[in-house]
Amino acid sequence: MGTLSLPLRVALPSTVAAGEVVSLRLLLQHPMETGYRLGEDGARIPRQIIQSLRVYYADRCLADLTLQPAISANPYFAFSFIADRSGPVRIEIQDDQERQLTDVRELTVVP
Amino acid sequence: MFPRRCARAGLCLLFLSLSAGPALSAQSGLAYLGDELRALQADPFANPGLLWVDRGEALWHQAPPGGGSACASCHGPAETLAPLVPALPRWNSESRRLEHLEGLIRQCQTDQQGTAPAPYESEALLALTARLSFAARGRALSNQVAPEATEALARGKAFFYQQRGQLELSCADCHERYAGARLRGDRVSEGMINGFPIYRLTWQTLGSRHRMFRWCNEAVRAEPYAYGAEPYLELELYLRQRGAGLPVETPAVRR
Numbered sequence: 019m020g021t022l023s024l025p026l027r028v029a030l031p032s033t034v035a036a037g038e039v040v041s042l043r044l045l046l047q048h049p050m051e052t053g054y055r056l057g058e059d060g061a062r063i064p065r066q067i068i069q070s071l072r073v074y075y076a077d078r079c080l081a082d083l084t085l086q087p088a089i090s091a092n093p094y095f096a097f098s099f100i101a102d103r104s105g106p107v108r109i110e111i112q113d114d115q116e117r118q119l120t121d122v123r124e125l126t127v128v129p
Numbered sequence: 176m177f178p179r180r181c182a183r184a185g186l187c188l189l190f191l192s193l194s195a196g197p198a199l200s201a202q203s204g205l206a207y208l209g210d211e212l213r214a215l216q217a218d219p220f221a222n223p224g225l226l227w228v229d230r231g232e233a234l235w236h237q238a239p240p241g242g243g244s245a246c247a248s249c250h251g252p253a254e255t256l257a258p259l260v261p262a263l264p265r266w267n268s269e270s271r272r273l274e275h276l277e278g279l280i281r282q283c284q285t286d287q288q289g290t291a292p293a294p295y296e297s298e299a300l301l302a303l304t305a306r307l308s309f310a311a312r313g314r315a316l317s318n319q320v321a322p323e324a325t326e327a328l329a330r331g332k333a334f335f336y337q338q339r340g341q342l343e344l345s346c347a348d349c350h351e352r353y354a355g356a357r358l359r360g361d362r363v364s365e366g367m368i369n370g371f372p373i374y375r376l377t378w379q380t381l382g383s384r385h386r387m388f389r390w391c392n393e394a395v396r397a398e399p400y401a402y403g404a405e406p407y408l409e410l411e412l413y414l415r416q417r418g419a420g421l422p423v424e425t426p427a428v429r430r
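Chain order of the listed sequences is A and B.
Take any residue in the first sequence, note its place counting from 1, add 18, and you have its number in our numbering.
Take any residue in the second sequence, note its place counting from 1, add 175, and you have its number in our numbering.
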């Protein structure tokens, strides 16, 4: 499995109060090429999309998304969850060439 | 000839009936957007153009392949060049030509960094122009034109008012006379250049001023000029002066 290198913007507070609703926002730069378009030479532009996006919080799966070609280029995602304990927030992104990108942020919950 | 003239007259009538009339003072394209896109542009996290600004910041500090020095090692932080951006394009009295931001970056890459210049519309060039223009955010476009550039400015203005293409439309036909009117689902803007490079939803990526000029030329079915071509530099100069006072709002989000 190869490594996927993408510009990724992550917005997540580092410290929150216990029980607070935390918002996690993601913006990634990706062409999300559908595979249906023709290039200037008339040849089909091969499909190149992000296929899966998973978010884990303290080893629990928060979101497991299967992405389709209809999603626009440079997609934006927003999630919210209740912070109940400190732990890593792990973002796993995989494209259709089985390349993977993992980004981990620490979330500290103060009682 | 007659049916075509009729068709054009019909198109004009359609425009007229929906026209919002000429604007009183220069307005950024931002004023012609809906609430959602305005919010997206204003969002300091989710504005997609910021992806290129981030990348530009990384490139600014990164030494080019081949042993040259990074942009930052001569210029310091990108903010030091912020006063330059709203004054571009400008007249270079040595080369006796106009120069714009993309051209200056490419020239620096060749002369100072000893690398091949980044091609127009490449990710690297877009990222660097985005980063520098972002540094100039909020600064007003200058109306300063060097005396030597007066002729170039006049040619740029003539370009703006010249009908072109199979549709025989000039820039002014849409962006001056019918600014604010609806063109299919879209609202025609004044064609201001203070937000470039822009994240354009139609392109789903960032694009330069010259890409927009080329797109507009093709839309009226005219043969577009090459990136960095003299007529586009002159047009850019005229548009900078035409929109003088508008704040730089890179990276702008446009339809």
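Quick caveat, the hints were computed from the structure, so don't treat them as lab data.
Computed from a predicted structure; not experimentally measured.
Be a bit skeptical, because a hint or two may be false.
If you want the footprint, here are the derived chain A segments under chain B, 3+ residues with CB under 8 Å [said to hold, decoys possible]:
id	region
1	22–29
2	84–93
Here are a few chain A residues that sit away from chain B, every Cβ distance over 12 Å (derived from the structure) [what the hints assert, rightly or not]:
id	residue
3	V34
4	R43
5	M50
6	Y54
7	L71
8	A96
9	D114
10	Q115
11	E124
12	P129
Note that CB positions come from ideal geometry on N, CA and C, so glycine has one too.
Once the closest CB in chain B is found, is it more than 12 Å from V34(A)?
holds (17 Å)
The output says Y54(A) does not contact chain B. Does that hold with a beta carbon cutoff of 12 Å?
holds (14 Å)
Compute the least Cβ-Cβ separation between A96(A) and chain B, then decide whether it is above 12 Å.
At about 8 Å from chain B, A96(A) fails to clear the 12 Å cut-off, so the statement is violated.
Chain B over the region 22–29 of chain A, status - at least 3 residues with CB closer than 8 Å
As far as the region 22–29 of chain A goes, the hint holds, because 3 residues have Cβ atoms under 8 Å from chain B.
Outcome, coverage hint (the region 84–93 of chain A, chain B; C-beta under 8 Å; three residues)
Per the Cβ count (3), the hint holds.
Verify this label for me: L71(A) is non-interface relative to chain B, using a Cβ-Cβ cutoff of 12 Å.
holds (16 Å)
Whether M50(A) stays farther than 12 Å from all C-beta atoms of chain B, as the label says:
violated (8 Å)
Does the claim that R43(A) lies outside the interface with chain B hold up, using a Cβ gap greater than 12 Å?
R43(A) not clear of chain B: closest Cβ-Cβ about 6 Å, inside 12 Å.
Once the closest CB in chain B is found, is it more than 12 Å from E124(A)?
Nearest chain B Cβ is 19 Å from E124(A), so the label holds.
Are all C-beta atoms of chain B more than 12 Å from that of D114(A)?
The claim stands: D114(A) keeps its Cβ more than 12 Å from every Cβ of chain B (closest is about 18 Å).
Evaluate the condition: distance from the CB of P129(A) to the nearest CB of chain B exceeds 12 Å.
The claim stands: P129(A) keeps its Cβ more than 12 Å from every Cβ of chain B (closest is about 28 Å).
Are all beta-carbon distances from Q115(A) to chain B longer than 12 Å?
holds (19 Å)
Comparing the model with each earlier hint shows violations of hints 4, 5 and 8; every other hint is respected.
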